[in-house]
Structures are given as C-alpha cells and as structure tokens.
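A.B. asks: Okay, here's what each chain looks like letter by letter:
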Amino acid sequence: MSKTDLTRRGVMKTGAVAGAGLAVPTIFTARSASAFVNEPTGGSVTLGFNVPQTGPYADEGADELRAYELAVEHLNGGGDGGMLSTFSSKTLDGTGILGKKVEYVTGDTQTKSDAARASAKSMIEKDGAIMITGGSSSGVAVAVQALCQEAGIIFMAGLTHSNDTTGKDRKANGFRHFFNSYMSGAALAPVLANAYGTDRKAYHLTADYNWGYTTEEAITSATEAMGWETVETVKTPLAATDFSAYITPVLQSDADVLVLNHYGGNMVNSLTNAVQFGLRDRIVNGKQFEIVVPLYSRLMARGAGENVKGIFGSTNWHWSLQDEGSKAFTRSFGTKYGFPPSQAAHTCYVQTLLYADAVQRAGSFNPCAVVEALEGFEFDGLGNGPTLYRAEDHQCFKDVLVVRGKENPTSEFDLLEIVEITPVAQVTYPHDHPQFAGGALGSCNPGV
Amino acid sequence: MLGLNRKDSLLFVVVICLTMFAPFLLNPFPEGSELAQFNAGYPDLMQRFVIFGIFAIGFNILFGLTGYLSFGHAAFLGVGSYAGVWMMKLLTMNVIPAILISVVVAGLFSVLVGYISLRRSGIYFSILTLAFAQMSFSLAYSVLTPITNGETGLQLSLNDPRILGVSEVDGSIPPANLFGLSMRDSTELAMGNWLFTFNVGYYLSAVVMLIAFYVAIRIFRSPFGMMLRAVKSNQQRLNYTGLNTKPYTLAAFVISGMYAGLAGGLMVAMDPLAGAERMQWTASGEVVLMTILGGAGTLIGPILGAGFIKYFENIFSKINESILHQWFAFLPDGLEDALVFMVYPFIGKGWHLTLGIMFMLVVIFLPGGLVEGGQRLGRLFRRRRKTDTKPGAGATEPAE
Amino acid sequence: MDALLLQVLNGLDKGSAYALIALGLTLIFGTLGVVNFAHGALFMLGAFCAVTMQRILTLSYEVVDETRTDFLGNPLKVDVPYVQSWFGDSVGGGIIDWAVPISLLMAVPVMIFVGFAMERGLIKHFYKRPHADQILVTFGLAIVLQEIIKYFYGANPIPTPAPDAFAGSFDFGAMLGMQAGSIIYPYWRLVYFFFALAIIGGVFAFLQFTTFGMVVRAGMADRETVGLLGIDIDRRFTIMFAIAAVVAGLAGVMYAPINSPNYHMGMDFLVLSFVVVVVGGMGSLPGAVAAGFVLGILESFASMAEVVAFLPGINQIIIYLVAIIILLTRPRGLMGRKGVMED
Numbered sequence: 001m002s003k004t005d006l007t008r009r010g011v012m013k014t015g016a017v018a019g020a021g022l023a024v025p026t027i028f029t030a031r032s033a034s035a036f037v038n039e040p041t042g043g044s045v046t047l048g049f050n051v052p053q054t055g056p057y058a059d060e061g062a063d064e065l066r067a068y069e070l071a072v073e074h075l076n077g078g079g080d081g082g083m084l085s086t087f088s089s090k091t092l093d094g095t096g097i098l099g100k101k102v103e104y105v106t107g108d109t110q111t112k113s114d115a116a117r118a119s120a121k122s123m124i125e126k127d128g129a130i131m132i133t134g135g136s137s138s139g140v141a142v143a144v145q146a147l148c149q150e151a152g153i154i155f156m157a158g159l160t161h162s163n164d165t166t167g168k169d170r171k172a173n174g175f176r177h178f179f180n181s182y183m184s185g186a187a188l189a190p191v192l193a194n195a196y197g198t199d200r201k202a203y204h205l206t207a208d209y210n211w212g213y214t215t216e217e218a219i220t221s222a223t224e225a226m227g228w229e230t231v232e233t234v235k236t237p238l239a240a241t242d243f244s245a246y247i248t249p250v251l252q253s254d255a256d257v258l259v260l261n262h263y264g265g266n267m268v269n270s271l272t273n274a275v276q277f278g279l280r281d282r283i284v285n286g287k288q289f290e291i292v293v294p295l296y297s298r299l300m301a302r303g304a305g306e307n308v309k310g311i312f313g314s315t316n317w318h319w320s321l322q323d324e325g326s327k328a329f330t331r332s333f334g335t336k337y338g339f340p341p342s343q344a345a346h347t348c349y350v351q352t353l354l355y356a357d358a359v360q361r362a363g364s365f366n367p368c369a370v371v372e373a374l375e376g377f378e379f380d381g382l383g384n385g386p387t388l389y390r391a392e393d394h395q396c397f398k399d400v401l402v403v404r405g406k407e408n409p410t411s412e413f414d415l416l417e418i419v420e421i422t423p424v425a426q427v428t429y430p431h432d433h434p435q436f437a438g439g440a441l442g443s444c445n446p447g448v
Numbered sequence: 001m002l003g004l005n006r007k008d009s010l011l012f013v014v015v016i017c018l019t020m021f022a023p024f025l026l027n028p029f030p031e032g033s034e035l036a037q038f039n040a041g042y043p044d045l046m047q048r049f050v051i052f053g054i055f056a057i058g059f060n061i062l063f064g065l066t067g068y069l070s071f072g073h074a075a076f077l078g079v080g081s082y083a084g085v086w087m088m089k090l091l092t093m094n095v096i097p098a099i100l101i102s103v104v105v106a107g108l109f110s111v112l113v114g115y116i117s118l119r120r121s122g123i124y125f126s127i128l129t130l131a132f133a134q135m136s137f138s139l140a141y142s143v144l145t146p147i148t149n150g151e152t153g154l155q156l157s158l159n160d161p162r163i164l165g166v167s168e169v170d171g172s173i174p175p176a177n178l179f180g181l182s183m184r185d186s187t188e189l190a191m192g193n194w195l196f197t198f199n200v201g202y203y204l205s206a207v208v209m210l211i212a213f214y215v216a217i218r219i220f221r222s223p224f225g226m227m228l229r230a231v232k233s234n235q236q237r238l239n240y241t242g243l244n245t246k247p248y249t250l251a252a253f254v255i256s257g258m259y260a261g262l263a264g265g266l267m268v269a270m271d272p273l274a275g276a277e278r279m280q281w282t283a284s285g286e287v288v289l290m291t292i293l294g295g296a297g298t299l300i301g302p303i304l305g306a307g308f309i310k311y312f313e314n315i316f317s318k319i320n321e322s323i324l325h326q327w328f329a330f331l332p333d334g335l336e337d338a339l340v341f342m343v344y345p346f347i348g349k350g351w352h353l354t355l356g357i358m359f360m361l362v363v364i365f366l367p368g369g370l371v372e373g374g375q376r377l378g379r380l381f382r383r384r385r386k387t388d389t390k391p392g393a394g395a396t397e398p399a400e
Numbered sequence: 001m002d003a004l005l006l007q008v009l010n011g012l013d014k015g016s017a018y019a020l021i022a023l024g025l026t027l028i029f030g031t032l033g034v035v036n037f038a039h040g041a042l043f044m045l046g047a048f049c050a051v052t053m054q055r056i057l058t059l060s061y062e063v064v065d066e067t068r069t070d071f072l073g074n075p076l077k078v079d080v081p082y083v084q085s086w087f088g089d090s091v092g093g094g095i096i097d098w099a100v101p102i103s104l105l106m107a108v109p110v111m112i113f114v115g116f117a118m119e120r121g122l123i124k125h126f127y128k129r130p131h132a133d134q135i136l137v138t139f140g141l142a143i144v145l146q147e148i149i150k151y152f153y154g155a156n157p158i159p160t161p162a163p164d165a166f167a168g169s170f171d172f173g174a175m176l177g178m179q180a181g182s183i184i185y186p187y188w189r190l191v192y193f194f195f196a197l198a199i200i201g202g203v204f205a206f207l208q209f210t211t212f213g214m215v216v217r218a219g220m221a222d223r224e225t226v227g228l229l230g231i232d233i234d235r236r237f238t239i240m241f242a243i244a245a246v247v248a249g250l251a252g253v254m255y256a257p258i259n260s261p262n263y264h265m266g267m268d269f270l271v272l273s274f275v276v277v278v279v280g281g282m283g284s285l286p287g288a289v290a291a292g293f294v295l296g297i298l299e300s301f302a303s304m305a306e307v308v309a310f311l312p313g314i315n316q317i318i319i320y321l322v323a324i325i326i327l328l329t330r331p332r333g334l335m336g337r338k339g340v341m342e343d
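Protein chains in written order, with UniProt numbering: chain A, 1 to 448; chain B, 1 to 400; chain C, 1 to 343.
There could be a bad hint or two in this list.
[Unchecked claim] Here are the simulated DSS-like pairs of lysine-lysine, each with C-alpha atoms no more than 25 Å apart in a straight line:
hint	chain 1	residue 1	chain 2	residue 2
1	C	128	B	232
2	C	338	B	232
3	B	7	B	232
[Claimed, not checked] One-sided and incomplete, this derived list gives chain C residues near chain A with beta-carbon spacing under 7 Å:
hint	residue
4	3
5	4
6	6
7	14
8	72
9	74
10	75
11	76
12	117
13	169
14	179
15	180
16	186
17	259
18	268
19	316
Note that these hints are calculated values from the structure, not bench results.
It should be emphasised that the depicted structure is a prediction, and the values quoted were computed from it without experimental measurement.
All residues carry an ideal CB built from backbone N, CA and C; glycine is no exception.
Please model the entire structure based on the sequences and the hints provided.
C.D. replies: Here you go:
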C-alpha cells in the first residue's frame, strides 16, 4: 500500500481515449498524432530498465535495478535526494521530469542480444517507455542501442566497456557514461610502469569476443607505448570454465606479467586458476611475476576471494571515493539497501539523472531535443569529477580509477582500494582515434 | 477446401481466425487495468509467436513424423538469419530477397548436416546434430566474427552498400519493408479502454505462417508423410522390405531446416539483427520443448507450445516487485507483504523457475502436451453436455 | 615436451570431472533406462553442499569495533564465527579452513536423500515414457533446482577455497629433473584426480565384486529375466540412482575449490557430459570413463597456442569435432552396445 510506483503504460490510455466507446481508428505512424514516439501525454512518464535478471550477470543486474529504483525515488522527490543536491545542474527539483511523475517498467536481457531487444521492444511497444537504459555487457548494449536508434527512443547505456559502443557502433540516440577499454589502458599503463617497471614482458589471455578484442588492443598499445613487450596473446573461449590449459603455457613462456582480459565469471575463474598454478609466487627474469585485470567488477571480484589481493585493475567508480556526489550516493544507497553500491549501480543511477536533467533543460521529451541537451554537456557532482558528454561520439569523459585488490578488507564489500585517480586529460582521445574508427552517429531519430 | 479433408479444413480455418484476430484475442484486458500486464497483443510478441510457431511446425515435421530428435535445429535458424541480414546489408531492405536467401542457405546447410547426421539414429543422431550446432555457435561467436560480428550480432550500419536500395535516409538506416510498406508500421484501434495494434510485420509473418502451416498439413497427409510415419514406427522393417529410407528422412530434415531458415529470415525482416546465441544449444532445446510441450506429432501443438514459452519469457519476466505490491494493494499491509513475498520468487527474475515448474507439470500430467490438455477439456465438456441432455446416459455408454 | 606433459595433466583433471558426471549418467541410463538431464544439477548441488558447509562453519555473531568505521561512517561490525570463539582461533580457524573436505560428510546423506526423492517422486513415473518426455521433465527439474539455488545464493560465483595445506602447487619439473618451475601443478588438482580415480574404482569394484552389484549388472543386461527370478530389481535400481547422485555430488564438492561454484555450473557441464557419454557409447561404464579422460586431454591439447595458430577456433569446437568423427567411424561410440537408444 505504501508503494505507489505505478508502472503501467501511462501514456495514451484512460483520459485521452476513454469514452470513445465506438471504434475510432487512430493511425499513429502517420505523423499526425504526436511529434515523437511514445510522447507522454498523461501525468506520468515511463522509463524502461532493461537489465540481466537471469544468467551469470543476474546479481549485477539486480544491483543496477536497485540503483534505478533509487533514482526514480529521488526524481519523484522521495528519500534523501541522493545526488540531486550535489549535481551541478540544478534543474531537477524532485517533482518528476517536467512535472510528470516518473514510473518504470523492468525487463530481463538474459545477457543475450535477441532477448534484450525483445524485452526493449516490449517496453517500447507495450508499455510506452520513452527511454531505455541498463545492461551489463557490450554486446547487449550495442544491440539495444541500435534498436533504440531505429525505434526513435533514447538509450542510456548501463555497464558497457567495449570501445565499440561509442566507437564503430555509436548511434545518435545512444549515450554512454561508463568508461571504455581505451581509457582503461591509458589509465593503467602509467601506474603499471610505475609499479612494475618499464621492462616487462606481458602475456595476454583474452576472452574470445568483441569486448575482449578491444580491451586487448587498448591494453597492448598502451603498455607497449610504455616500453612493455607483448609476448603472446591467446584467445580463450567465452564458455570456458577451466583455464588451466591456457594458464600453463604461461609457465613455459618468458613472460613476467599476465594480463587477463576477462570479465565476470571468466575473470573469476581465470584469476583463481592463475593463482592456483602458483603464478604469483614465480620469479621470471629476476622479477616478481604479476597479474593484471584491466576491468574490475567488485561484485565479481568477490567470487575470486583471496586471489584479488594486490592485483591492479581499473574501474569506473568506487564507493570509497570521497567527493560529495559519491558520498551522497553511497549514503542513500547504503541506507536503503544495507550495503554499498557497485560501479554498475552508480553508472545506471547517474545515467537516469542525466537523462532526466537533459529533458528538463530541453523542456521536451523529444529524443532530438534530449540529444541536443546532452551533446557537449558539462557537469560535475556525480562522482568522477568534472565530466563532459562529448558531442562527437556520445561518450562521457571523466576521471578513471586505478584500483588494487585490498590486502586487509574490513568487509565483503571492501575489496578494492583506489591507487590513483587518473585525470580526465590523460584518458581523452580524439573521436576519430583508430580504436574507435569506422562508425557514424547518424542523425537523431524521434521515431515518427 | 484446398485439398484438405473436413477436419483439417476446420483446423486450418480456426488457425486462420486465431492469427488474423490475434491483436484482439491477445489484448483481452483494458489498458490501465491491473491485468493489462498480461496482454500480449503488441507487435513484437505477436511476431515472435508466429515466427517461433513456424520454427516449431518445421521441427515437428522432422521430430513428430520421423521421430528423429534433432538437438541442433537452431543452427539453421541462425544461419538463415545471418544470410538474411547480409542480403539487407548488400542488396536491398526489401524483405523478400532476405527471406528467400535465408530459406535457401538454411536448406543447403541442412543438406550438409542432415546427410552426415542421418547416418546414425537415436541418441547418436541427436548428439551429431548438437555437435554441429554447437560448433556453428562457437565459431560464429569467435573466429567467424568478420562474417557474424560475434557477440554483438550482425547488424545494419549506415555505410552498408545496399546495391538496389539506399544506404541511409536522413542519417538513419532505412526500415525493412515489403515494397515500400515498412515492417514497423502499425495501425492502432482504440475501443473504449481497449487498444489494439495491427502491425504490418505481424501480418506478413502471420500470412507466411499460414502458408507454412498449410504446407505442413499437406505433408502430414501425403504419402510422403505416411512414409515418414512408417520410419518412426519401425525403420528396420522398412529397410527389410528393400526400401531405402534415407532419402525420405533427409528430405524431412531439409524441409524442417528450411522452415527454420524461414523463421530466421522473418526474424531478421522484423528486426534486422542476427545474434550468435540464436544457435546455442539452449535455443535448439527451446524448440524441442515447444514441440513436446504443445504436443509432438500433432498439427497445432507446436504452435501452442511456441506461444506458451514465448509468453512466459516476455510477460512473466516483466512483472516486478512494485507491480506485485500494486496488485495486492487492497489487502492489509502485513498480508500484502506476505503475499508479495510468496509470489515474488516466481515472477520477474524468477520466471525461469515458473517455466521449469510448468514444464514438469505439463509433462507429468499431460503426456500428449497441451493438445492433450485441450482434448481432455473438450471431452469433459462434451460428456457434461451429454449428461445434461440425457441424465444417466453416461453409465450405458459403451467402452471404446 | 614438458608443454605436452602439462596439457596431459590438465586434461586428466578436466577429464576427471567429465568422467565422474558421465559415469553417473551412464549408471542411471544403464539401470533405469532414463536420460537424466538433471544430472548436471546434481553436480551443482554437490558444489553447493561445500558452499553451505562453509556458510554453516562461518556462522557468526557481530562484534562492534569502535576504532574502525564501515562505509556509512558507523562503527564497524566485525563478524566473528561461533566456531572460532568456541574452539579458539587456531582450531576453529582450522575447521573453517577444512570446510570443503568436511562437507563431503554432509554431501553423502544429502545426495542420497536427493537421489531417493528424485527417483521415487519423479523418475519412477517415467520409466515407460518416451525418452523425449524424460529429457523434458528432468530438464524442467534441473531448471527448478538451479533457480532455487540462485534464489538463496545469488548468481555470482562464491569462493570456496581448498584447505591451506593444499593451496600451493607442486613442481613436477624439478622432480623429473627438468627446469624448475616449468611444470607446476596445483596440489588440489592432484587431489581431485586421485579422488576421481578412487570413486570410479569404488563404483566398478562395487558392481563387480558384490552380490548387489552382480544383480544390478544382470538387471542392466536383462531386466525382465532378473525380475522373473523373484528379485526386486526396482529397489536395487533406486539405490543405484542414489549412488549415481552421490557420485555427481561428490564430484561437485571436490570441484568447488578449483572453480568457484555458481548456480549454472551444472548446465555448463551437462551438454559436454552428454557428448562424453555418447562418445563412450550408451550404456557402457568403461566407455564413459575412457571418453571422459580422452576428451579432457584432447580439449587441453587443442587449446595450446601452437595448435590454435594452425587451426583457429579449434579450441572452441574440439570436443564436438571429435564426437562427430568418432560417431561416424564407430557407430555406437567407443564401447556402446547394439540397440541401445538407437530408435
């Protein structure tokens, strides 16, 4: 009873068409009825939260969903307001978006392109969602982003780290707040050179799919620029659960660093296996053998237990950041759910706020107006310091965190410590950088 | 009618009515009501119903008639999809060439797989098809990325050549169309609080499914179908009579592979993206489940099974906790929370659990699938009607 | 050379898991004639016995540590396991450390119970039904079991480390007089391999040398005749089902430290195990075990960089490719019997 988040198609029902007892055909596709797809006409607006609820990323999806619910609560004026008070743009006042109450629908991506698109389509077609957001893998993000472009809906990407999302598969209706492979490489390389020296031989194990490829490319080029040598790069099947067959050849090589371009379950298993095979106790070329995990996920790092201690990686955001925005978010999330938010939760929360703010500033839900409001938008106070939503590729540019597995965690959430906050200038690249080449935004699509 | 006997004609007419009036039938609840959550009459899901219906009808031609259980049928659907997207990338956004090429490519691939796999029978056949499909999936996901675009899935882009069409229209990819009629176009009809959507893509798929269904009926009733049934009941005896069954089973295999390709092509026509996970063993398993769940070997069963599974996947996964709270909001707080707590594990992220339970219940209690459930219901009604008109007649009814 | 030796070792290990699951599948199929798609789920349940035992042993009460703060700035609550406060840090810590081996004790009764419940409650009604129905119902059961585990334990992998005594690795290279550090093998994987051998040996000895086993083997060969002799073969088959469940469960328990268990690990193994069973030949126990090890080793070889460079993608498909080749050259797999599951 206390819950009042009504989540049904608030758009064209009741008031507008009720009473039309007789058949009154309305042809929506003929540009007549509204200026853009799913224009909210009632007192509420529906957002679509499309996250993995089944499959290996279900826990990450659940955390994203918590963040979305929190964001909706804050937008509607509930709770302690979270980051609304620290956000540099002050247009959001807790009365929903443009005075309309925010409602939401949820769906399950299953971390599969097809299922994710089906779920997004049902949100658009059935529930009248005006914006789709979420996801926990780049394949899904790219697929749903393309769908939203065709359908004329704004897509605010969730956790997606592949260069392609704002590189060769960028779309005018899609926006990414999360960082990417290139930024990971640019942030990690100097720290690694600092800690391990510039004369290192790296062995890469790479998950055999798009994200793995872009991460491997980004890390090799960034470390090679620092003087490291790449001894070998080996692709591992995504479905692999046991990596021993890939770890053991490392023993025979003269590599002294192992880079695991793996995420999620792959990362947990490959890291665990690498430690089991005593890689961390090895001395090669007179140097201590080291392991690097370019993209850390705290949720998944838990699965690797003790093995993450002392291992470098990068992350988009971490709850131990001490800026006002991060503190406010961690406080309201922690108070509501009893544990600190993950980086996936953070990026999803921020994306929702950014969308709401863009609509508010544009004064319209029209996707083209939103795109215009977000392009080149500079803001602060949402964690990660001053941030730019670059117009050319719809990628956010902000500080990147280099982290290391903590030696003495105080709780099961306290697994990573921040080693360095890499300033945004160091991770910025031209939008036509070779690693991002081959894509075009196209023009914004309002869907009619 | 159309060379069908009376019973089949009746069935065909019923199926025609069901598909043509689906936008009404699947949207029984008024907009804005609590039950509108269960409406399935939106274009994407309706398209899925009929497309997976085609897939399952095709699978049933192989499994239902010959008894050969293929565990790799999704590979044909996937290969067809890739071919279809490539057609759209290279040639034109008109869906006809894409669908045709999907059928052809899937057919060719199934000739290859079928020729090899059909050298074995029983579970050995199943594992061979599974192996082929899993190989296709793994390779499409990784080393074949240049052709399949790997994990992301093959999709259209603004710089596709499209020889007979345009690469882009005002910075957007042109929509898939049938001679200019966009697949995405819909007409909406509002009646009171009800809202019905009629989508071009759906009606194209539905017409294709009706044709596919009609062809399936003809196959079931043809001498060729009889021969396939004979293979199922006793292949050895057929062989002893000097008949070579291989051409028949291979033909059935290829036909059902082409049905899968047709489904793949239609999927692409509705939504131009082909993902590798369409070929995974779980996808192959899904069509097996659809067919058995609906009733293997029956004409209408596979369509029912496909609808059943897709309905669960798309409707139950979207119910979340706050919707539950809304449903039970009329109850006192404590009771409301208790009910939500009890129902919650079965919806939203728990939809797999519900699906698993439904599988088990159907298989345990309805060995013939949903079709048997329908028949039992029908018998129940018929008996009741009989007892209504002639009280006490039930006792004298002769045993069949 | 040493590279090859290492891959053989890796393969033995992977093969052990395949062989144990395939053995159980074949036992069930051979005795009851049922295709059990829930077998992977039994393996997963075993692994979660280890997780549960670890949870039980680390049941804790909270002690507030005023000197440190948690993420919200409140005083930090430190969890102290009861076991540790009852038995002291060293003994208690030791017990927690040995959670995985201890959970073997729990897994046996749990898996026997699950096995009995499954057979009596569900499988029993499916003896006379077509294989397709058996597959469907056990597949449904697998999903249900999996989702129940997910509901309680979440979807992320849960670390269940081996006891510290087995945490290190073993330098084969130095032992064999080769360069030190070139062939390293973790202790726990060796333990797993020998454990698998012991279980396989135990099952074979049980079937070979006990009267019970003899009756079961007779029943596998000709169920009706044994029944006519007045032997209650059904009851024995039920027990065999429970044994198969225990084998899968123990395989899961011991596998937990190798890779952190998650709720879908059973499905990951299921399909491969089926391929293993069929390659071994339906209904043949030695075939299943042999195929398990052969495919495990081949899979390891195929993932060597030299092989992949020569045949890109071979590491992804090797098992299926080998399965196709074997099935085409040997119609009933390595050691299959004629007429089993061929129609």
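A.B. asks: Which of the stated hints cannot be reconciled with the structure, identified by number in ascending sequence?
C.D. replies: The structure breaks hints 5, 9, 10, 12, 14 and 15; every other hint is satisfied.
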